[in-house]
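As they're listed, the protein sequences go chains A and B. Here the first sequence is numbered in the numbering used here, starting from 1 and rising by one per residue. Here the second sequence is numbered in the numbering used here, starting from 1 and rising by one per residue.
These are computed hints drawn from the structure, not numbers from a lab. Keep in mind that a hint or two might mislead.
As the list claims (entries may be wrong) - Here are the simulated distance ranges between beta carbons:
#1 A:Pro70 with B:Asn212: 53 to 61 Å
#2 B:Ala113 with A:Glu126: 33 to 41 Å
#3 A:Ala78 with B:Val149: 37 to 45 Å
#4 A:Arg122 with B:Ala113: 44 to 52 Å
#5 B:Leu80 with A:Phe18: 52 to 60 Å
#6 B:Ala110 with A:Arg29: 41 to 49 Å
#7 B:Asn212 with A:Ala78: 38 to 46 Å
Idealized CB from N, CA, C, for every residue including glycine.
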Amino acid sequence: MTGVMLEYDNVQKRFGEFVALAGVSMEVRTGQVVCLIGPSGSGKSTLLRCTNGLEMLDGGEIRLEGQPLPRDPRGMRAVRQRMGMVFQNFELFPHRTALANVMSGPVTVLRLSRTAAEQRARALLEKVDLSDKAMSYPANLSGGQQQRVAIARALAMEPNIMLFDEPTSALDPETIGEVLNVMKRLAEEGMTMIVVTHEMNFARRVADHVVVFERGAIMEQGSPVQIFDAPLMERTRDFLSHLGWEG
Amino acid sequence: MNFDWSVVWTHAGELLQGTEITVFLAVVTMMIAIPGGIVLALLRLSGSRILSGASASFTELFRNLPLILVIYAAYYIMPLTLNIALSPIATGLVALSLNVSAYNGETFRAGIASIRKGQGDAALALGMSRWQAMREVVLPQAVRRVLPVLASTWVSLFKDTSLVSVIAVGELAYTAMRIRSQTFRVLEMLTAMAAIYWALGYPQAKLVDWLNRKYGINE
């Protein structure tokens, strides 16, 4: 492992009265896969959305390669170009084909020529095993296929880090595997990844570091072996057994 | 009662000319009012109190005044107060555009609001600016979604162009009424006018249904 890519320093976020993040501190090293687990509403997704500025912090600081995240729109856009994000509901653009979805970032943001963008997009669709679906519209793709297109769309910006916000929670059980496989391959290629997930098997096998959230704070963090096989906290054990984790 | 339908055929040329002007008024009004409505909606949603307030005032003014009053105002008051003297056709276009822009503004606003927030988030997450996210992702979907409403506005507009006859614009209604008062063939001319409006309106409504099926959004 090399340097620290992201540092969270006492990060706080409120929505009205509700405290979504009550002072979270952690770090993500370059090339690491960090899985955030914990009950719904415990702040995992909010932390992800704060990371690329879709939500503004109310306190604390997030540093990307040592630099605090900028707060101005232009600086924020530059940061977002280096972070790919994958959403629970895919959020593919329904009026565009799979290929055009993947080309969106390169054409609009990077100002690549259509030819260059298409070349890049086709290579990425191949990487997620969807070459044959390039001309399909999202409505004609299964959930798993849509999510793989969404991953390709995020990768088209050639990000340094990928943020996954419950990428398999909206999927039918039979298509979860194909999405997790793509993510696993990405991890093996050395992509730095933060994954909010309820897929404990994935976290156990792929993560380098697991962070357990509860009520906007980190309850426990450590290697997957430690978290899954010998959790320190009683509540981590409760949470895992709720999900049917037998160890 | 005697009918003399020949009056329709002897004046066919004038009726055709009136019909052309009616189509011209409707088409040009919509060409102005679609971008106009989009601009009004974007201003309304801009987040700036001043721009949003200006857009809301414009919309509520022209949406809640009878169109015929706006037409009269454009004809009599605009030259006096703003010192702008336009031809009757141009005056009619101004009045119709003000009215239809206000309606379209509300239509587009509703359309934009109906696109779920995640779509904008996905565009921003790719590094797009707010304006790029609107232009590339939100607006194209919003426009498709409000096509049925725009279509019914269009069908209303097509008929409402008849109101500019009050300022002597020689469109279909004005022409038909003029022929009526010259020939005293009331029923024949009203029937001819109804037939022409309906014959033009019905295929438009069908065309719009078809557009809707072809370009409607599937999610």
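field: Violations among the numbered hints
entry: 1 and 4
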